[in-house]
Amino acid sequence: MRFYKVVNNNTKEVFLTAQIDDSTLCGMAYNDGPLSSIEKLLELTDGNFTALDNLALSLLNPTNLKINLEDLISSSKEKSGLFRMCQPYTPTEIWAAGVTYKSSELERKRESETPDVYAKVYNSDRPEIFFKATKERSVGPFDEIGIRQDSHWNVPEAELALVLYQNEIVGYTIGNDMSSRSIEGENPLYLPQAKTYNKCCAIGPSFATIGSLTNPKALTIECSIFRKDQLIFKEHSSTSLMSREFENLKKWLIKSNSVPNMTTFLTGTPIIPPPEFSLLEGDLVRIEITDIGILENSVVTV
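For the sequence shown, this note's numbering gives the first residue as 5, with consecutive numbering after it.
Mixed in with the good hints, there may be bad ones.
[To be verified] Under the rule of at most 30 Å between Cα atoms (straight-line distance), these lysine-lysine pairs were calculated in the DSBU-like manner: (1) K259 <-> K81; (2) K238 <-> K259; (3) K70 <-> K254; (4) K16 <-> K139; (5) K139 <-> K70; (6) K238 <-> K106; (7) K81 <-> K139; (8) K255 <-> K139; (9) K44 <-> K232; (10) K83 <-> K139; (11) K259 <-> K221; (12) K259 <-> K44; (13) K44 <-> K221; (14) K254 <-> K139; (15) K221 <-> K238; (16) K83 <-> K44; (17) K83 <-> K238; (18) K124 <-> K44; (19) K16 <-> K81; (20) K139 <-> K238; (21) K70 <-> K81; (22) K124 <-> K259; (23) K221 <-> K255; (24) K106 <-> K254; (25) K83 <-> K70; (26) K44 <-> K238; (27) K139 <-> K221; (28) K44 <-> K81; (29) K259 <-> K106; (30) K106 <-> K221; (31) K139 <-> K44; (32) K44 <-> K16; (33) K70 <-> K44; (34) K124 <-> K106; (35) K124 <-> K16; (36) K255 <-> K124; (37) K16 <-> K106; (38) K16 <-> K70; (39) K81 <-> K232; (40) K139 <-> K259.
Source of the hints: derived by calculation from the structure; they are not laboratory data.
Small disclaimer: the values here were computed from a predicted structure and weren't measured.
Using the sequences and the hints given, assemble the complete structure.
Take a look at the structure:
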């Protein structure tokens, strides 16, 4: 099952909705009131996270809020109408793994003045893991995503993201790990500046449960970039090309490192635009992953 968080633009009330068919989102009720967060739903599972879908179904009823998904997407994009889509949950911390695909290793070696470090981490037992963002530095669907004003080479990185609760993988979403390649390429020690800044990460549009994705290691990832309404880049790949297993990545993330519930863990990208490409303010980035949805953001200089 997929969940979307929705805000009433007039009352500012927040609703958690479940997608019950191809076009319909339905609210859920708990204790005589609307359920407002996936966090509360996870709490109600009492640790049985595989039961999340069935629990959500039990909280639906015909009188609950119903929204057409296409209408919600349109009103969120146009910033009009009664409802808008926001981040599907609050990402308490956002971490990321790097160089998990061969294509990523090759591109990092090409951009860097010390290319051997990327080959070593790709082949090593310990993965590259870095802190990406706080919730304040992240944005949701149809929000503006940032490029640094002191970087001349900026790219999106389309990634499958794991959502952790009580140190377990409980769901998936889409992440856009914005990267300042000119900064990281100058010196790998500049990685925190290349990765962490205002509006540096987008999360959304939905939270997909572990039960809804039969094989998360066989998902198609597609990234499209538009400039002045013209498609200027489009490429697709698959999570099947990832060199590491999700549980192994999670093991390394939580080793000697306590992470809070709803930590988001970006798993790396197989799609990197060519060296001559850089994002500009006003560009539109659209990332689609099978059975999760489309994450769309416009670009702004920060």
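So, going through the hints one by one against the coordinates:
no. : hint          : verdict
1   : K259 <-> K81  : violated (40 Å)
2   : K238 <-> K259 : violated (37 Å)
3   : K70 <-> K254  : violated (36 Å)
4   : K16 <-> K139  : holds (19 Å)
5   : K139 <-> K70  : holds (28 Å)
6   : K238 <-> K106 : holds (19 Å)
7   : K81 <-> K139  : holds (21 Å)
8   : K255 <-> K139 : holds (22 Å)
9   : K44 <-> K232  : violated (41 Å)
10  : K83 <-> K139  : holds (22 Å)
11  : K259 <-> K221 : holds (23 Å)
12  : K259 <-> K44  : holds (26 Å)
13  : K44 <-> K221  : holds (28 Å)
14  : K254 <-> K139 : holds (20 Å)
15  : K221 <-> K238 : holds (21 Å)
16  : K83 <-> K44   : holds (27 Å)
17  : K83 <-> K238  : holds (26 Å)
18  : K124 <-> K44  : violated (42 Å)
19  : K16 <-> K81   : holds (18 Å)
20  : K139 <-> K238 : holds (28 Å)
21  : K70 <-> K81   : holds (19 Å)
22  : K124 <-> K259 : holds (21 Å)
23  : K221 <-> K255 : holds (17 Å)
24  : K106 <-> K254 : holds (20 Å)
25  : K83 <-> K70   : holds (19 Å)
26  : K44 <-> K238  : violated (37 Å)
27  : K139 <-> K221 : holds (27 Å)
28  : K44 <-> K81   : holds (27 Å)
29  : K259 <-> K106 : holds (25 Å)
30  : K106 <-> K221 : holds (15 Å)
31  : K139 <-> K44  : holds (18 Å)
32  : K44 <-> K16   : holds (19 Å)
33  : K70 <-> K44   : holds (20 Å)
34  : K124 <-> K106 : holds (12 Å)
35  : K124 <-> K16  : violated (49 Å)
36  : K255 <-> K124 : holds (20 Å)
37  : K16 <-> K106  : violated (44 Å)
38  : K16 <-> K70   : holds (17 Å)
39  : K81 <-> K232  : holds (16 Å)
40  : K139 <-> K259 : holds (22 Å)
Hint check: violations occur at hints 1, 2, 3, 9, 18, 26, 35, 37; the rest are consistent with the structure.
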